[in-house]
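Whenever a hint applies, use it, and build me the whole structure from the sequences.
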Amino acid sequence: MLSLIRSIFYTFLHAFHKRETQDYPEKMPYLPPRYRGRIILSRDPDGKERCVACNLCAAVCPVDCISLQAAEGDDGRRYPEFFRINFSRCIYCGLCEEACPTYAIQLIPDFEMADYNRQNMVYEKEHLLISGQGKYHGFNFYKEAGVNMGVKATGGGENENQPVDLKSLIH
Amino acid sequence: MAKIQIDGTFYEVKSEKNLLDNCLALGFDIPYFCFHPAMGSIGACRLCAVKKFANADDKRGRIVMSCMEPVVEGMIISTDDPDVKAFRESILEGLMANHPHDCPVCDEGGECHLQDMTVMTGHNYRRYTFKKRTHNNQYLGPYIKHEMNRCIQCYRCVRFYRNYAGGKDLNVFGSGNRVYFGRQQDGALESEFSGNLVEVCPTGVFTDKIFNKHYARKWDLAHTPSVCQQCSLGCNIIVSERYGMIRRVMNRYNGSVNGYFICDRGRFGHEFINSPDRIKKVHLRASKASELLEVDESCTLSDFMGKKVIGIGSPGASLESNFALLNLVGKENFSHGISEAEHKLTNQSIRLLQSRKVYSPSLKEIEKSDAILVLGEDIAKTAPMMALAVRQAARSESIKLGEKLGIPEWNDYAVRELDQNHQGPDFIVTPSATKIHELVEMAGQAFAKAENPLIITGISGGNEDILDACSTIADALKKQGKKLSVSIVFPECNSVGLALLDGLTLEETEERIDGRQKAEEKIDTVIILENDLYKRASKERIDAMLKKCRQVIVIDHLMNETARQADVLLPAAAFAESAGTVVNNEGRAQRFYSAVPLTGQLKPGWSWCNDQWENLDQVVNALVDAYPVFSAIKNQMPDADFRCSNEKIARQTMRSSGRTAMNANISVSEPKPPQDNDSPLAFSMEGYKGSPPSGLIPYYWSSGWNSVQATNKYLDEPDGHVRNGGDPGVRLFDDIDKE
Ligand code: SF4
Ligand code: SF4
Ligand code: SF4
Ligand code: SF4
Ligand code: FES
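Taken in order, these protein sequences are the chains called A and B. The numbering of the first sequence is this note's numbering, which starts it at 527 and goes up by one. The numbering of the second sequence is this note's numbering, which starts it at 871 and goes up by one.
You can take every hint at face value.
Result set (EDC-like, lysine to aspartate or glutamate): computed pairs, CA atoms no more than 20 Å apart in a straight line:
(1) B/Lys1001 <-> A/Glu686
(2) B/Lys1177 <-> B/Glu1202
(3) A/Lys693 <-> B/Asp1056
(4) B/Lys1238 <-> B/Glu1279
(5) B/Lys1083 <-> A/Glu607
(6) B/Lys1002 <-> A/Glu670
(7) B/Lys1083 <-> A/Asp600
(8) B/Lys1001 <-> A/Glu670
(9) B/Lys1083 <-> A/Glu598
(10) B/Lys1418 <-> B/Asp1402
(11) B/Lys1079 <-> A/Asp600
(12) B/Lys1001 <-> A/Asp691
(13) A/Lys693 <-> B/Asp1039
(14) B/Lys1079 <-> A/Glu598
(15) B/Lys1002 <-> A/Glu684
(16) B/Lys1079 <-> A/Asp601
(17) B/Lys1002 <-> A/Asp691
(18) B/Lys1083 <-> A/Asp601
Quick caveat, the hints were computed from the structure, so don't treat them as lab data.
Here it is as structure tokens:
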């Protein structure tokens, strides 16, 4: 009897507590920038696609939901011919972002991915590619790499010497 | 043999091999770069360090390069001493100092020996903060891409290209930190073996340009064991597929045939499969005057069969496809589709090889010959890998001389310094200027001292007199107690297999179609299987022949001249899309498997010719019943029901990616993987991944060894024979010998 009254009393007290219910979607919750939600592909500071189609994200993905095909532009620059993520399989683990050597693939704090039709959860490159740099600013892979893929000449990088001139006698 | 102690355990090792070679054979993971099992050692990279102790009391020991160390009875070594590990790591750090930050865009990535060795030695943090040395790249032709920044100066490329394969236009330039591997100036590589640089180079300096056009990582490719169909040698290859498309061809090790290498024709010649000229659909011609048009309905060959049918097979098609056609039209109506001259010479050659008089050597055995006569055949063109084998055989005298002086064969640089390009007693002779008795005389002189004499000839350049001379020489040698080896180059990948079936020549076929001799046998329908007749006889002759047939049915994969003449054109699966057996010049029957699941109307030739047979095994059963000469194929090759630990063998690697996304654009529900009824291989990443029987190895991979260097893990010893069943293929002529 006593415990019953105590329960009713506590329940009554809750009427004066701060409300836990959120007015979603009228009021959006705050999610930190590193929250792992919808995946995007970003661009480098020059506005070009960052992804170099190395396939590392696809390889690391535990549910195998990324598939892409590498292609090379006329300047030799490598990019994905298509890039597909099947979000109906994605578990938002973020391993793809960690594996990516170019900061191209990033998870962002958008979790509104639900859909009545699974087929709508297959995203192609046009759905993934954004126009900015995302979370990581200032990095351009082709400036760090040794290859000349239209961004800098061989030996033209900051950490590189000019190419060896084999015909000179002096080292 | 010698007994040595490695890491505290005693092992029996081969004294004619160096320490590294022996350790690798025993399964030790010693990192290395410059050593190559087929090319020996030069000690350039310093990575293969081990510690050698003077005796049991010596606790300090000294670091030696295992690839330059002969094994001596009682030797004590350590492969995992802390000093050795630190030494290897520092060597790697040095090699990496100038290495570019390229892995994500490097075609070698994921199958890079440098990546593997970096992980193996434990070097993982860059301390060198100065600027990197860079190099300009060269244009090396349509097949090979050059990215010199990635070089680690192991010298394997020039040792293969120049020393092993006799190329002239690739060399090493500069000195010190500027050492450069390339050509004197931009230009296409001249060697017909240049593609091997892709596999020989442990880094991504030389990569496959054809593969680059539709690149995929090794871990993403589905790999299938196959056999090259570009010449009669039957080199073993791995054909790789991704997203339903053939992507590349790599070498598949066969210790009796091609070893570690294949020629460029085999490596780069597969692109016709992706050609826009491929026939993918049934084409029909409503009447003789109308055009050949694609149709969508499925149909079978029996819809078009006439009353009097003649079938023309092809030495370029599999045994099964040829037999299925023979079976359909009957022995007396089956034609080999080759000229009378070629037919006659081929049959005579096979009789010679089948006789006990001479021995039909494998390519590996050709390498071990010590006197060779090449008669009338331009083997560099018609059988490139045989030319490479002859090149190795030409060193036999130098190697013997080295052994006499105590320089083992593996000490490659020393032996080559010793021989100064000396070549053994090889003779190249053209038959036109030579009479038979001169030939016999010449052979007598050349073979006088030889232990393994060999005569090489071929169908394209040889003649009957040469074959007769071989018999005569064999008889003479027999008196001296020696057996003559004869290797004959045939024109196509299955010339030998086809010749073991009955069949007419092209001339006889023309006569039959002409119907002048026996009017009652006049042919109304001709079925041509994967054979472009216009390449075999003049246009007038073939035109005349085809015009006389009421109906021309062509089963082929490319829109060639013959296909254009068809009234009914049926799309055949190319070699990489179907399974079958081909018999090489040595008489070795080898099985190839389909690398990509068949789609649409494509069917293998044998399946077009007989819709009763459901899989390859049923064709082989019927073949063996009709031609017992092939019984070894049925007895020794695993059939489609074969399983490893109750599983099919997976074509895909365990890291294969994109399974739930690659078809998601079509349907988000993942489809069931396509079935393969013709082989024990699965189009899937699920299945057996261990070391399967030798003929069924889809790809080379071993923990820590992602590059092609993992090949050695599948062999009884480096440069040895394939484990688990021996070198792939069954020799048909040996069986005849035994009977
Ligand atoms: S977040 Fe995880 S599951 Fe989703 S695509 Fe990336 S790696 Fe795959
Ligand atoms: S890991 Fe990054 S660069 Fe590589 S394919 Fe994925 S998104 Fe592109
Ligand atoms: S050669 Fe190997 S280590 Fe160097 S960039 Fe290419 S994949 Fe990376
Ligand atoms: S190019 Fe390749 S094979 Fe040649 S020395 Fe450099 S790393 Fe070695
Ligand atoms: S492998 Fe021994 S020094 Fe290179």
